[in-house]
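Novice: What follows is the residue order along each chain.
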Amino acid sequence: MRTPYRRLMKSGSAVLATVLCAAAAASCGGSSGSHSQGHAGKKTLVVWQFWSGFAAGLQPLQKKLDAEFEAKYPQYTVNDVPISFTQMGTKLTAAIAAGTGPNIVSVFPGVAGAAYRNGLIPLQSYITASDRKNWRLLAEAAGPGGSILSIPWSEYGYFLYYNKKLFKKAGLNPNVAPTTWQQFIKDCQVLKSHGITALSGGFKDGYEWEWWAYPLLDQLMSPAVTKSWLDYNYPITSPVFQKVWSYIKALGPYYAKDAFGLTLYNDAYNNFYAGKAAMVLDAPLVSNVVASQKALGTANVGVFPVPRLPGSLYPPFVDAGPNSGWGITRWTTDTRGAWDYINFMEGAKAQNLMWSLGHIIPNNVQSVTPTSNPAIQSILTAIKNPVNHTIYVGFPVSVLAINERYAGEMITGRTSTSSVLKMMEQLRLQLRPKIVG
Amino acid sequence: MGGAGGGEAELRETTSIGGGPRQAMTRAANPVGVDAEPVSSDSLTSTASSPGPSRPPRRTRWLGRLATVPYIAPLLISAVAVVVAPAAFGLSRSLFNWQPGTNSPFTGISNFKLLAESSTFHAILVNEGYYLLGLPIWTLLPLLIAVFLFTRVRVAGLVRMLIFLPVVVSPALLGIMFTPILAPEGLVNTTLQKTGLGGLARPWIDDPSLVKPTIILVLAWANVGLGVAIFTAALTSIQPDLLDAAAVNGAGSWQRIRYVIVPGIKRTLILWMTFQALGVFLWLFGLIYSLTAGGPGNSSASIDYDVFTNTISNGLFGVGAAESVYLLAMVILIAVAAWVIGRRWSHD
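Chains as they are written, first to last, in our numbering: chain S, 1 to 437; chain U, 1001 to 1348.
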């Protein structure tokens, strides 16, 4: 072999090594975390949770809750690992692939939780009659096939906050919020005609689109369709999705021109707090109401539910459901201890702490939510409406991720909503064996 | 293992910077510098009138090679355990609906078929092709800077060090760093607006038509330091008097680059371009993940990012494995193409 060729062969060998490394990297999964283990006579419960990242100041609350649990169950130590919501799915999937990781994990109930079916244990056998009586939202917890893989914990509901000063500036009555979609659009037009950005939003992280989708889909899905959807049998390409996606796309002109490049977290909120737009959509975390009031003045912030669409199939209600849930992983040996942790977090004592320290709406009917704030009182009243329901628990998180990636494209009209819905449906069908079994 | 040509070439390389009779001899045989095509062993054996050194019998040569096995065995075993075996495992898993932790039924080539029919996968292949258009920039920019610093700048070392700094930034950090810079209300657009150039402000990473060129430029910025360092090292192997001679004979800057420098460092150039091309398929993940998350839509997604999405985000491990097989095939194709092109160029 001639010398230059041999050198090239050496280069080729380096390239081949790179190639093989790529193949190896592509085929290997990663994982982290640990099992329950003895530690100075105590057992450790490893908890992966995303909820303490939802708002500033929640991590101390989680630590307080863990400390209360450890005081009640001195045989346990809690190793609490805060993980961002965007990272949780990937980390949990990797942990399931590796067969090791946390003992207890934040995961949304229903279909969202069923996507991790291979790594979570069914919890229905742990739930007592008393639990069923005290814990709201258990109806939303069951995934396709009836298995409960995640126990709902805390509540949310979709509301719009509005800046009364900007409403007044546009000649709108600041004390009368729109209740119908037509009135809402009309108000947006009036605000826009006065040079005011009607909606503060950001589509880069994609959540804004789906936050509109849930409360609008809720209104147009009959109970039968809702059941079919939650059983993983209803296609995303169906007319009701097409219609709702069109409604959302039509909101585009009422956002700032660069909203497609901004994020909901936290550009949209920061812009609303700064008085740059008249309304913002939120799923409270009541702490965002408090932050709005702090920024704009308590009297200047109003709250109203997502307006009723024409043809809504229900009396007025809000899309409300579990803000997150707790699951136990399959590799956990001390499932009783893990269940004790969940049971504690669902209890009235822990949930009262959640409300008093973090403004998180409890789902235990025995907990109390004292407040003198009229805006928060209106949210708490609306949350308890028995007509409330939600369909978001029918979405696998990874299917939503497609919509999130394309949200900015759809709001600008660069990508059609129907093509995105088609992509989502393709992935939904691919995931079917994994979710339904 | 090599014949006389190989030994000669290696010797020439080691003596290329200093002077001396050996170098003079080399120059006479090889006027374009040491990095250019050396005299090969084949040409020596075919043209020399006197016979070369006698070669040991074939059996002895094989025994000699076998004797090296114990020395490389630890490396070989490690490579098989860490690289080859997992890769083979990944290849085999691509034929299953791979569900770690539960049953994984055999599905044949359905994962491959699914990808072949996927519009997302097609879009990602187009993205990869687009990124390859960055090769001339990623090569010429560091080359020209290296030449400029090599020939004209007094404080070249300091400049090289400053240019090299971005290389130590990890791709993920690079993405995090550039996100606020390239955001609609980020540093670039704000600066443009403040300097009266607001008309040039664009959503650099939020517009599908701009995001790929923007990423190419970010990569150029990130890699230029390494390129300058590598090309500078290669340039030191060119005889300075060759450049001087070219200048005396009236060659301008461009002609010296074209006819002296590029031929003199062509193997370095080939290797650099090969690794840059491979990088488009293998090393974009960190930057894409942290800068654009593949978006808007899938307009900036790379294939390694999509392997991650399918495998970890979607939990479709079989599809991810199949996609990694496609990736492997593409990388092998590029590596072979680069090797063939390199061979031909070496002949020229």
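Honestly, the hints are just simulated from the structure, not real lab data. One or more of the hints may lead you astray.
As the list claims (entries may be wrong) - Each computed DSS-like pair below joins lysine-lysine, with the alpha-carbon atoms no more than 25 Å apart:
id : chain 1 : residue 1 : chain 2 : residue 2
1  : U       : Lys1113   : S       : Lys422
2  : S       : Lys43     : S       : Lys63
3  : S       : Lys257    : U       : Lys1194
4  : S       : Lys164    : S       : Lys133
5  : S       : Lys227    : S       : Lys63
6  : S       : Lys168    : S       : Lys257
7  : S       : Lys42     : S       : Lys63
8  : S       : Lys243    : S       : Lys422
9  : S       : Lys257    : U       : Lys1113
10 : S       : Lys384    : S       : Lys133
11 : S       : Lys276    : S       : Lys243
12 : U       : Lys1113   : S       : Lys434
13 : U       : Lys1113   : S       : Lys276
14 : S       : Lys294    : S       : Lys186
15 : S       : Lys43     : S       : Lys165
Claimed, not checked - Some chain U residues judged to face chain S by a derived CB distance under 7 Å, without partners named:
id : residue
16 : Gln1099
17 : Val1168
18 : Pro1171
19 : Asn1314
20 : Gly1315
Glycine included, every Cβ here is placed at the ideal spot set by N, Cα and C.
Novice: For the restraint on U:Asn1314, tell me whether the closest CB of chain S is nearer than 7 Å.
Specialist: holds, 4 Å
Novice: Let's test the interface hint: is any C-beta of chain S closer than 7 Å to that of U:Gly1315?
Specialist: holds, 5 Å
Novice: Starting from S:Lys276, check that the Cα of S:Lys243 is at most 25 Å away, please.
Specialist: Given that 25 Å is the threshold and the Cα spacing comes to 30 Å, the pair is violated.
Novice: So if I understand the rule, the pair passes when the alpha-carbon distance is 25 Å or less; does S:Lys294 with S:Lys186 pass?
Specialist: violated, 28 Å
Novice: Are U:Lys1113 and S:Lys422 close enough, with their CA atoms no more than 25 Å apart?
Specialist: holds, 18 Å
Novice: Does S:Lys42 pair with S:Lys63 here, judged by a C-alpha cut-off of 25 Å?
Specialist: Holds - the C-alpha atoms of S:Lys63 and S:Lys42 are around 18 Å apart, at most 25 Å.
Novice: Measuring from the C-beta of U:Gln1099 to each C-beta in chain S, is the shortest one below 7 Å?
Specialist: Hint holds; U:Gln1099 Cβ to chain S Cβ min 6 Å, cut 7 Å.
Novice: Assess, step by step, whether the Cα of S:Lys257 is no farther than 25 Å from the Cα of U:Lys1113, and give holds or violated.
Specialist: violated, 41 Å
Novice: Between S:Lys384 and S:Lys133, is the straight-line Cα distance small enough, at 25 Å or below?
Specialist: Holds, at roughly 15 Å.
Novice: What's the verdict on S:Lys43 and S:Lys63, does the C-alpha distance respect the 25 Å limit or exceed it?
Specialist: holds, 17 Å
Novice: Against chain S, run the beta carbon of U:Pro1171 and see if the smallest gap drops under 7 Å.
Specialist: Since the shortest Cβ distance to chain S is 14 Å, the answer is violated.
Novice: S:Lys43 and S:Lys165: Cα distance at most 25 Å?
Specialist: Measuring from Cα to Cα gives roughly 55 Å; hence the hint is violated.
This entry does not satisfy hints 4, 5, 9, 11, 13, 14, 15, 17 and 18, going by the numbered hints stated previously.
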